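A.B. asks: Spelled out, the chains give:
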Amino acid sequence: MMLFGLGNLFYVSILLVNAVAVLSEDRFLARIGWGNAPTEPSFGGSSDAASVKGKMINLISSVRTLMRIPLIVINTLVIVYELVLG
Amino acid sequence: MQQGSYAPPPAHSPPLHHPVPQHVSTVPMMRSPPPPQSQGGSNYGSPYGQMGGPAQQSGGGGPFAPAFGGFVNDQTAQMGFQVGQKAVMAGQEYMEQSINRYVSIPALKHYFNVSTPYVLRKILLVLFPWRHKPWSREQRPSSTAPDPSAPNTAYSYYFLPPRDDLNSPDMYIPVMAFVTYILLSTLLAGLRGAFHPEVMGLTATAAFAVVAVEILGLKFGTYILSISNDSQLLDLVAYSGYKFVGVIVTLVVAEILNRGKGTGGWVGWTVFTYTFLANAFFLLRSLKYVLLPDSSSTPAGGMQTVDRAQRNRRTQFLFLYSYVVQFVFMWVLSRQDSATATVVGIKT
Numbered sequence: 000m001m002l003f004g005l006g007n008l009f010y011v012s013i014l015l016v017n018a019v020a021v022l023s024e025d026r027f028l029a030r031i032g033w034g035n036a037p038t039e040p041s042f043g044g045s046s047d048a049a050s051v052k053g054k055m056i057n058l059i060s061s062v063r064t065l066m067r068i069p070l071i072v073i074n075t076l077v078i079v080y081e082l083v084l085g
Numbered sequence: 000m001q002q003g004s005y006a007p008p009p010a011h012s013p014p015l016h017h018p019v020p021q022h023v024s025t026v027p028m029m030r031s032p033p034p035p036q037s038q039g040g041s042n043y044g045s046p047y048g049q050m051g052g053p054a055q056q057s058g059g060g061g062p063f064a065p066a067f068g069g070f071v072n073d074q075t076a077q078m079g080f081q082v083g084q085k086a087v088m089a090g091q092e093y094m095e096q097s098i099n100r101y102v103s104i105p106a107l108k109h110y111f112n113v114s115t116p117y118v119l120r121k122i123l124l125v126l127f128p129w130r131h132k133p134w135s136r137e138q139r140p141s142s143t144a145p146d147p148s149a150p151n152t153a154y155s156y157y158f159l160p161p162r163d164d165l166n167s168p169d170m171y172i173p174v175m176a177f178v179t180y181i182l183l184s185t186l187l188a189g190l191r192g193a194f195h196p197e198v199m200g201l202t203a204t205a206a207f208a209v210v211a212v213e214i215l216g217l218k219f220g221t222y223i224l225s226i227s228n229d230s231q232l233l234d235l236v237a238y239s240g241y242k243f244v245g246v247i248v249t250l251v252v253a254e255i256l257n258r259g260k261g262t263g264g265w266v267g268w269t270v271f272t273y274t275f276l277a278n279a280f281f282l283l284r285s286l287k288y289v290l291l292p293d294s295s296s297t298p299a300g301g302m303q304t305v306d307r308a309q310r311n312r313r314t315q316f317l318f319l320y321s322y323v324v325q326f327v328f329m330w331v332l333s334r335q336d337s338a339t340a341t342v343v344g345i346k347t
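Those protein sequence lines, which keep their order, are chains Y and C. Those letters in the first sequence? Residues 0 to 85, by numbering that gives the first Met the number 0. Those letters in the second sequence? Residues 0 to 347, by numbering that gives the first Met the number 0.
One should not assume that every hint holds.
[Unchecked claim] Just a few of them, taken from the derived set where beta-carbon distance is under 8 Å, the chain C residues facing chain Y:
| hint | residue |
| --- | --- |
| 1 | Ala205 |
| 2 | Ala208 |
| 3 | Ala211 |
| 4 | Trp268 |
The set of hints was computed from the structure by calculation and includes no laboratory data. Because the structure is a prediction, the values reported are computed rather than measured. Where a beta carbon is used, it is the ideal one built from N, C-alpha and C, also for glycine.
Sequences are here, hints too, so could you generate the full structure?
C.D. replies: Encoded structure:
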């Protein structure tokens, strides 16, 4: 019943970031319309970046771009730690 | 830095009469410069200047040597002392800058500017928010009275500190309630006979994790809904700490009325429901001014207008946060003591 501590919080956040980072751009995201391709601006609708969907797309592409290299390192460290001490 | 008046080196070769400086040991690395020293640089007023001379008198060799050696060591000591001082000061400035970059100290001081009547009234407000009427924070134009405690905020209007404004968020009550919650749940575990030193750490970690998760969720929500406000993070941290007050009251009252049976039973649930509703109402009213910035107060611009759907979503997010999320977290926190008790009981 002891719910969560900081270690579990760390694991959960790493797994969530991993889950975002493994989303494939052309196999999955483009198929459901969440691709990073710039959508053609509609009439007067220049506020695409402010909508919720635009924010989510922006966030996903940012995480995929930015966190790729650090995630490799962090995942390796966690795997080694779990193998040795877990 | 001593570019003033360089004297020609003395006629006799310095290394012969250069005494072994055994008494100046403050800055050893600055002993290496060769003898061409400036003679006009002794106006620093350092206490090392008086230290170097008489100590060298006894150890000198020739007639020129004592003065010369003392002078050299005096200069090196002064230079070293100054260099060291400057290095330490630069390090301190760097540390302050890098601390101020992440947590601005003046902004934090603003949150701890409380008084005793404010704290009492605020706690009463958290526990009984139903009759409170004006919820907006008071503002004052910063041109008439520049606030010394928060100089780097970009407000044209700055908020009054908590000492003067009941509706202002503070950090004192959340921090104290946080610590009190940890100690109280440990105490309750002790009364139940299940004290274990790990309980304190477990409770602290869980409480901290709750606050961290809450802040992360709030920041995610504000990013998604593109809510931007100045000094928002500290406000959110402060507001997320007020629920510890309700949790503490729940724990104490349920412990007294239930005679140590934990927060179960209808008594515990009633108290918990009341404190939860009070806290949720308080948060709903208070966070309205953080998460739903008035379109009238923002400078009139075409980009600032929030359309109706966006505002609707923000309101839903506010409601979801202050009722659903708070319910989950307060339930977790108020069940914590019995949970740790069972864990420790199983373990031992």
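A.B. asks: Against this structure, judge whether each hint is valid.
C.D. replies: Each hint, compared with the structure:
1. The restraint placing Ala205 of chain C at the interface with chain Y holds, with a minimum CB-CB distance near 6 Å, inside the 8 Å limit.
2. Checking Ala208 of chain C against chain Y by beta carbon gives a least distance of about 5 Å; that is within 8 Å, so the hint holds.
3. Checking Ala211 of chain C against chain Y by beta carbon gives a least distance of about 6 Å; that is within 8 Å, so the hint holds.
4. Interface restraint check: Trp268 of chain C against chain Y, minimum CB-CB distance 18 Å, threshold 8 Å, status violated.
This entry does not satisfy hint 4, going by the numbered hints stated previously; all others are met.
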